[in-house]
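**Q** What follows is each chain in one-letter form.
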Amino acid sequence: DVKVTQSSRYLVKRTGEKVFLECVQDMDHENMFWYRQDPGLGLRLIYFSYDVKMKEKGDIPEGYSVSREKKERFSLILESASTNQTSMYLCASSLFGRGHNSPLHFGNGTRLTVT
Amino acid sequence: GQQLNQSPQSMFIQEGEDVSMNCTSSSIFNTWLWYKQDPGEGPVLLIALYKAGELTSNGRLTAQFGITRKDSFLNISASIPSDVGIYFCAGHRGTSYDKVIFGPGTSLSVIP
Numbered sequence: 006d007v008k009v010t011q012s013s014r015y016l017v018k019r020t021g022e023k024v025f026l027e028c029v030q031d032m033d034h035e036n037m038f039w040y041r042q043d044p045g046l047g048l049r050l051i052y053f054s055y056d057v058k059m060k061e062k063g064d065i066p067e068g069y070s071v072s073r074e075k076k077e078r079f080s081l082i083l084e085s086a087s088t089n090q091t092s093m094y095l096c097a098s099s100l101f102g103r104g105h106n107s108p109l110h111f112g113n114g115t116r117l118t119v120t
Numbered sequence: 055g056q057q058l059n060q061s062p063q064s065m066f067i068q069e070g071e072d073v074s075m076n077c078t079s080s081s082i083f084n085t086w087l088w089y090k091q092d093p094g095e096g097p098v099l100l101i102a103l104y105k106a107g108e109l110t111s112n113g114r115l116t117a118q119f120g121i122t123r124k125d126s127f128l129n130i131s132a133s134i135p136s137d138v139g140i141y142f143c144a145g146h147r148g149t150s151y152d153k154v155i156f157g158p159g160t161s162l163s164v165i166p
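Taken in sequence, the protein lines are chains A and B.
All residue numbers for the first sequence refer to the working numbering, where the first residue is 6 and numbers rise by one.
All residue numbers for the second sequence refer to the working numbering, where the first residue is 55 and numbers rise by one.
Since the hints were derived computationally from the structure, they do not count as laboratory data.
Cβ coordinates follow ideal geometry from the N, Cα and C atoms, glycine included.
There may be inaccurate statements among the hints.
To be verified - Ranges between beta-carbon positions, derived for each pair:
1) Ser61/B <-> Asp31/A: 31 to 41 Å
2) Thr120/A <-> Thr116/B: 38 to 48 Å
3) Ile82/B <-> Pro66/A: 23 to 33 Å
Chain A extracted, bound-state conformation (with noise of 0.2 Å):
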């Protein structure tokens, strides 16, 4: 079964503060994504990663960016976090080269609660 890793379930941050959210996957997976969920709006789409130091973004990208050093790990950067950034953060990960249309698989969660 594919596992995808996220380092921390719960995070609580200051305004201001650089935060990392930590995603590792086992499978090999060309494809990693970060999405956050917001109750009414599902998940939308911050940045995705088709390789390793390639990165694109998503639907939201503005206040984040992204590392992708290897190719199991994708972190999710916050360089200045604000309040409206509170949220679950979701990684995923899925095979098949570059593209969107393989199934994607989903880490648990970070729940980030900036104060």
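Once you've looked at the hints, dock chain B against the given chain A.
**A** Quick look at chain B alone, frame taken from chain A:
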């Protein structure tokens, strides 16, 4: 941008009842996906649909790809307590560079 609508937003049902939910879009999709999110966990793929009119089952779950390609339906028969969770539909236009679009979810509660 593209949006998906799901209805109902939430449902409270008695154990043993059947459940129906749907997902609609103003745009055509070539793939419809249904995910379930258990409380405290990430979403898990339940059913994928790739052809208009397709009806696919996974145990007690049955999903249909609407003929217009603008909607999809999910039915759960004889609900049990572990069906509790949020059900997301997702659509994809089918080319490698199109993103998967998620609906806002239907929250299901099952009363024992």
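**Q** Hints first: check each against the structure and report whether it holds.
**A** Hint check results:
A hinted range of 31 to 41 Å for the beta carbons of Ser61/B and Asp31/A is consistent with their spacing of about 37 Å. Take Thr120/A and Thr116/B: their Cβ atoms lie about 45 Å apart, and the range 38 to 48 Å holds. Range check, Ile82/B to Pro66/A: Cβ separation about 26 Å, and the 23 to 33 Å hint holds.
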